[in-house]
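Between the sequences and the hints, there should be enough to build the whole structure, so can you do that?
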Amino acid sequence: MYNSDKVIPGIIIFVLFVTFPIWWNHAKTVAAPQPELPKGRCVESKAYMRSHHMQLLNRWRNEAIREGMRIYTSSDGKRFWISLQNGCMKCHHDKSKFCDRCHRFAAVEPYCWNCHIPPETKKFEEPRASRLLRLFHVPPKLVGTKNTEE
Amino acid sequence: MDRRKFLKLAAISATLAGGVPGFFNREVKAKAYTPPPGALTARRWGMAIDIKKCWEHPECNDCIKACHYIHNVPHIPDRKREVKWIWKDEFEHVFPDKPNEFNNILLAHKPFLLLCNHCEHPPCVRVCPTQATFKREDGIVMMDYHRCIGCRFCMAACPFGARSFNWVDPRPYIEHFNPEFPTRMKGVVEKCLFCYERLEKGQIPACVEACKHKALIFGDLEDENSEISRLLRSRFSIRRKAELGTGPSVFYLIG
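Protein sequences appear in the order of chains P and H. The first sequence begins at 1 in this note's numbering and counts up by one. The second sequence begins at 1 in this note's numbering and counts up by one.
The hints are simulated quantities; they were obtained by calculation from the structure and are not laboratory data. Bear in mind the structure is a predicted one, so any value in this text is a computation, not a measurement. Just so you know, not all the hints are guaranteed correct.
Below, a list of computed lysine-lysine pairs in the BS3-like style, where the Cα atoms sit at most 27 angstroms apart [as the list claims (entries may be wrong)]:
| # | chain 1 | residue 1 | chain 2 | residue 2 |
| --- | --- | --- | --- | --- |
| 1 | H | 88 | H | 110 |
| 2 | P | 28 | P | 39 |
| 3 | P | 122 | H | 186 |
| 4 | P | 78 | H | 52 |
| 5 | H | 212 | H | 52 |
| 6 | P | 122 | H | 201 |
| 7 | H | 65 | P | 123 |
| 8 | H | 212 | H | 201 |
| 9 | H | 65 | P | 122 |
| 10 | H | 186 | P | 95 |
| 11 | P | 123 | H | 186 |
| 12 | H | 201 | P | 95 |
| 13 | H | 98 | H | 88 |
Have a look at this one:
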């Protein structure tokens, strides 16, 4: 083989580089997230909610908004008002300790909270873009952010 | 028992058993999704605006304030990006086909209250590619913000300018928010929904409740005995751009 003194170390370096995440994390355990559960029972069993909450929420939003069906009768016959903000979050009253812990671990970013207001919210934040614009001294008039008239 | 009788009996019992929940068909449960009890229902919701009462109190904006507070409608000072569900405009703009040079003294520059007309044949619904906007059986033209992709076909189709687009994230423009109702996000279209979320709790729309002069009347247009039907029978009313055939459900009582 021509240039074997360069090609073989090259291949070895390449393989090590590509498999870096595997051997770097080998035999290490990452603690599973511990969401803070509220007291009492959820609309369905814990196992069902853990595996199917996204399907349930998806069904709920269609039933409530599109069909006008606001009442959910769970498998044990209890009735619940279908609503994320006014239903789920009345018990799970801390989004950061419940939703976020698992979602961050799983690197899932649902966009529920772009519209729905988590219960711990006291005030809405300034938009992220405006901080960036301030950094570069872009006059707010150009982009029409809040400071236009104030 | 002969075979004929046995077969008859078997058929009857099987039919009966199939019809009784929990006998053979064990998987049948109570219906999981039901409409809320105590909700206000109608065959066609509509609104009448007694514009004379409105003109007697030109400074009163209670309906607009109430609506915009409870629905987290942002106050964006830039007119090009503003969002509005219920607002006021001059007669000439509201009824561009109605003014004439002689009654201008009576009507020119007079404010009219505007909101989504919840049309009988809504053009916005016809053009929406995702069915994010749809008409409910009770006549409310609804928005499903989960589905809106922000194409703005509905805004182009609506002849009343009743729809607003969120050009920017609306949240920084909401000073006092109502934690019971979601906001919208950048890139969706929004409009008045006739307070569907209040109707299902048995409450009338927020603007109607907030109006201390009783200038707004909300009710079932197809119920002959409702207040709104009686008013529309007894007084002269006009609708915006009725000639377009969209069938607006908002009436302006002027006579």
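Now the hints, each set against the structure:
| no. | hint | in the structure |
| --- | --- | --- |
| 1 | H:88 - H:110 | holds (10 angstroms) |
| 2 | P:28 - P:39 | violated (33 angstroms) |
| 3 | P:122 - H:186 | holds (21 angstroms) |
| 4 | P:78 - H:52 | violated (50 angstroms) |
| 5 | H:212 - H:52 | holds (14 angstroms) |
| 6 | P:122 - H:201 | holds (25 angstroms) |
| 7 | H:65 - P:123 | holds (19 angstroms) |
| 8 | H:212 - H:201 | holds (22 angstroms) |
| 9 | H:65 - P:122 | holds (21 angstroms) |
| 10 | H:186 - P:95 | holds (22 angstroms) |
| 11 | P:123 - H:186 | holds (18 angstroms) |
| 12 | H:201 - P:95 | holds (26 angstroms) |
| 13 | H:98 - H:88 | holds (17 angstroms) |
Figure legend: structure checked against the earlier numbered hints; hints not met, in rising order: 2, 4.
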